[in-house]
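Could you build the full structure based on these sequences and the hints that come with them?
Protein sequences appear in the order of chains C and G.
When the letters of the first sequence are read in order and numbered with this note's numbering, they come out as residues 1 to 373.
When the letters of the second sequence are read in order and numbered with this note's numbering, they come out as residues 374 to 746.
Hints in this document: simulated from the structure, not taken from any laboratory.
Bear in mind the structure is a predicted one, so any value in this text is a computation, not a measurement.
One should not assume that every hint holds.
Unchecked claim - A few chain G residues that don't get close to chain C, going by computed Cβ distances all over 12 Å:
| hint | residue |
| --- | --- |
| 1 | P485 |
| 2 | L511 |
| 3 | G515 |
| 4 | K745 |
Claimed, not checked - 20 Å max Cα-Cα, derived EDC-like pairs, lysine to aspartate or glutamate:
| hint | chain 1 | residue 1 | chain 2 | residue 2 |
| --- | --- | --- | --- | --- |
| 5 | C | K237 | C | E355 |
| 6 | G | K610 | C | D325 |
| 7 | C | K237 | G | D698 |
| 8 | G | K610 | G | E728 |
| 9 | G | K611 | C | D289 |
| 10 | C | K199 | G | D662 |
| 11 | G | K462 | G | D417 |
| 12 | C | K238 | G | D662 |
| 13 | G | K745 | G | E392 |
| 14 | G | K571 | C | E257 |
| 15 | C | K237 | G | D662 |
| 16 | G | K584 | G | D698 |
| 17 | C | K198 | C | E271 |
| 18 | G | K584 | G | E644 |
| 19 | C | K17 | C | D111 |
| 20 | C | K198 | G | D624 |
| 21 | G | K509 | G | E392 |
| 22 | G | K610 | G | D717 |
| 23 | G | K572 | C | D289 |
| 24 | C | K373 | C | E326 |
| 25 | C | K198 | G | E630 |
| 26 | C | K199 | G | D578 |
| 27 | G | K610 | C | D289 |
| 28 | G | K571 | C | E247 |
| 29 | C | K372 | C | D86 |
| 30 | G | K572 | C | D251 |
| 31 | G | K571 | C | D251 |
| 32 | C | K145 | C | E247 |
| 33 | G | K508 | G | D417 |
| 34 | G | K610 | C | E326 |
| 35 | C | K199 | G | E644 |
| 36 | C | K302 | C | D329 |
| 37 | C | K45 | C | D86 |
| 38 | G | K572 | C | D205 |
| 39 | C | K89 | C | D44 |
| 40 | C | K198 | G | E416 |
We treat Cβ as the ideally placed atom computed from N, Cα and C, and that holds for glycine.
Number of protein chains: 2
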Amino acid sequence: MKENSAGLVRTQSVTFKEEFFLQSGRILSPVTVAYETYGSLNEDKSNAVLICHALTGSAHAAGYNSPDDEKPGWWDDMIGPGKAFDTDKYFVICSNMLGSCYGTTGPSSVDPSTGRPYALRFPVVTVKDMVKLQKKLLARLGVEKLFCVAGGSMGGMQALEWGVTYPDAAESLIVISSAGRITPMAIAFNTIARFAVKKDPNWMDGDYYGKASPRDGLAIGRMAGHITYLSDAAFHKKFGRRLGSQESIYDFNSVYEVENYLRYNGYKFTERFDANSYLYILKAMDIFDLSYGFGSYEEALKRLSAKTLLIDFTTDFLFPPYQTDEIVDIMTACGNPPERVTIDSDYGHDAFLLEFGEQAAVISAFLRKVRKK
Amino acid sequence: MKENSAGLVRTQSVTFKEEFFLQSGRILSPVTVAYETYGSLNEDKSNAVLICHALTGSAHAAGYNSPDDEKPGWWDDMIGPGKAFDTDKYFVICSNMLGSCYGTTGPSSVDPSTGRPYALRFPVVTVKDMVKLQKKLLARLGVEKLFCVAGGSMGGMQALEWGVTYPDAAESLIVISSAGRITPMAIAFNTIARFAVKKDPNWMDGDYYGKASPRDGLAIGRMAGHITYLSDAAFHKKFGRRLGSQESIYDFNSVYEVENYLRYNGYKFTERFDANSYLYILKAMDIFDLSYGFGSYEEALKRLSAKTLLIDFTTDFLFPPYQTDEIVDIMTACGNPPERVTIDSDYGHDAFLLEFGEQAAVISAFLRKVRKK
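Put into structure tokens, the structure is as follows:
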């Protein structure tokens, strides 16, 4: 365990038995949500920070679940004593998103009406549904108003959705490498993943539980995802055109280093993630559009009253900086100019999980300012 | 048939019975090459232009193979009477590349030693091998020296290879949307295609001939390719976030227009292309490096003595403009500065097949200049 970590934490969960109404009109009951907390809620309950994870993350954002863990939570460099999200000051909460497979109800959960996993009988869930469930959890934890909601990528979408759907519920928002809707090119990448999973014969229309899982399809889908997490510059730096095998280039099976990387990460992912959850969460990402229900992107963003910080990275082509420009322009025109910092990085979209120095400094300074307000 | 086309053309072929030595040290025998010609060879045999096709193209570059054909050859807008490659002036030849499946020997051809298709017994072929076979064909056609070699994408690689391997064989080179080696990110996209085909249970280590073909895998692989042929801007223009189905977004199977496009084009491709050919040609693309055998990229490019025109397109991220910058810089430092035109286009890599106006004008002017030299 690293010294300045949030220490040993336990993933907890709460189950709501009452009906949970989804944006689609469908109902889930019961709904379980897994979460972790770091630090303590202060007396006037004004120091709660909600961290929203990205596509395939979990509630385990910081610290260690066991003293033997080799790695801490996925954003441990940002959350802990003295860190950007300082657990000496803030009560930090992170919950696993609805539809995922890390303890929160999703397609691999048991459908009480059949006693078997939901599989495709699971309803399509949206970012708004995810946020609604987070709000329910926070109420249970005694948090009425958040000091901040923060997240990167799909976590940033949730932060934006908080600001628009519950404008009074959070004092500040931090939206990193994200946007109010993804680009058609991002949908195209998700399409590759969808086809790869669905065409794997083991997928069997989603009813693979207890049998062989659609491992190859999920791995290929994840490989396509990995391309979007990097950048052209990152590919050059990380791999170049170095060969990854001892075979001669004239061997049909010879590979480049970049292929080994994709294969390794693609298949490693299949050991930890459920294929149907992946499909449902990609779907939620695709159909997320901040403007739904508000008429336009402008009308939606007008609702934001929280103090907002937007962080983007120069080489991110999954959530290109022009998407952040758009939000800045609209919010500024609405008289609620956000803070915006573009960080120069070769890491592409992954930068929010890798570039901690400047990112942490910018977030610390922003939170300090909000606190003093 | 359009009026100003090259008219009715027949794809011809020639078979070489003697041993054809490959760069890998392996041997093919016999080797057949399919080709088309447009216009006539002049008396002093000085007007021959070789057009090299891209990844999945064919020898059918212009005109119509039958009066009933709905579409002409793949570069008909550029090749024909009065066009950039003016068939009133030039004797234009286009041959199907080695390893492909449009009449030239490839993995789906019959291996004379077994009487069955080669499948994976086919040797790995390289761009240098493709060019060597073109040279053999030209000799057979009575062409000793080319007036020009031109091609886009993988066709441009062949043009560069001509210039470096046979510096005296062509008076001029036109290299479009191409480079002397692909980027690691391009290899990553090819990796997705490779895995998608190889993990399709119908692929059966390549021995699927006469049985069901690995259609799903090939379609998914091609979808990944299609992402690289477009650009972020093209995705916005062509599809935006428009829905492509009547279902509600809350339907698990609802799709966006971009998904319909990828699916349609992915599966359409499987009707015309052999999966093993795709793997072999992707391999040739990956392992192509102009510098092989010359020590360095600089040493290879130093060998170019032909008058060279490089065309690239602003939004091409498969062959990014910085790759053309690199060639220009090296050739200029070697005292053989090329002409270089960067065309502003939203079409991405596909631009060389779609943007004819400026491209045609630039090529016409270049060829005129070379002729007057």
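Here is what the structure says about each hint:
1. P485: 20 Å, holds
2. L511: Non-interface label on L511/G holds, nearest chain C Cβ at 25 Å vs cutoff 12 Å.
3. G515: For G515/G, whose nearest Cβ neighbour in chain C is about 33 Å away, the distance exceeds 12 Å, so it holds.
4. K745: 40 Å, holds
5. K237/C to E355/C: Cα-Cα ~15 Å, so holds.
6. K610/G to D325/C: 19 Å, holds
7. K237/C to D698/G: 19 Å, holds
8. K610/G to E728/G: 15 Å, holds
9. K611/G to D289/C: Given that 20 Å is the threshold and the Cα spacing comes to 19 Å, the pair holds.
10. K199/C to D662/G: This hinted pair is violated, its Cα atoms lying about 34 Å apart.
11. K462/G to D417/G: 13 Å, holds
12. K238/C to D662/G: Within the cut-off at roughly 19 Å; holds.
13. K745/G to E392/G: 40 Å, violated
14. K571/G to E257/C: 18 Å, holds
15. K237/C to D662/G: 18 Å, holds
16. K584/G to D698/G: Violated. K584/G to D698/G sits at ~47 Å, over the 20 Å cutoff.
17. K198/C to E271/C: Within the cut-off at roughly 18 Å; holds.
18. K584/G to E644/G: 14 Å, holds
19. K17/C to D111/C: Distance of about 13 Å is within 20 Å: holds.
20. K198/C to D624/G: 16 Å, holds
21. K509/G to E392/G: 12 Å, holds
22. K610/G to D717/G: 15 Å, holds
23. K572/G to D289/C: 34 Å, violated
24. K373/C to E326/C: 26 Å, violated
25. K198/C to E630/G: 19 Å, holds
26. K199/C to D578/G: This hinted pair holds, its Cα atoms lying about 18 Å apart.
27. K610/G to D289/C: 18 Å, holds
28. K571/G to E247/C: Holds, at about 19 Å.
29. K372/C to D86/C: 16 Å, holds
30. K572/G to D251/C: Distance ~19 Å between K572/G and D251/C Cα, so the pair holds.
31. K571/G to D251/C: OK: K571/G and D251/C at ~16 Å, within 20 Å.
32. K145/C to E247/C: 60 Å, violated
33. K508/G to D417/G: Between K508/G and D417/G the Cα gap is close to 18 Å, so the pair holds against 20 Å.
34. K610/G to E326/C: 17 Å, holds
35. K199/C to E644/G: 18 Å, holds
36. K302/C to D329/C: 11 Å, holds
37. K45/C to D86/C: 16 Å, holds
38. K572/G to D205/C: 18 Å, holds
39. K89/C to D44/C: 13 Å, holds
40. K198/C to E416/G: 60 Å, violated
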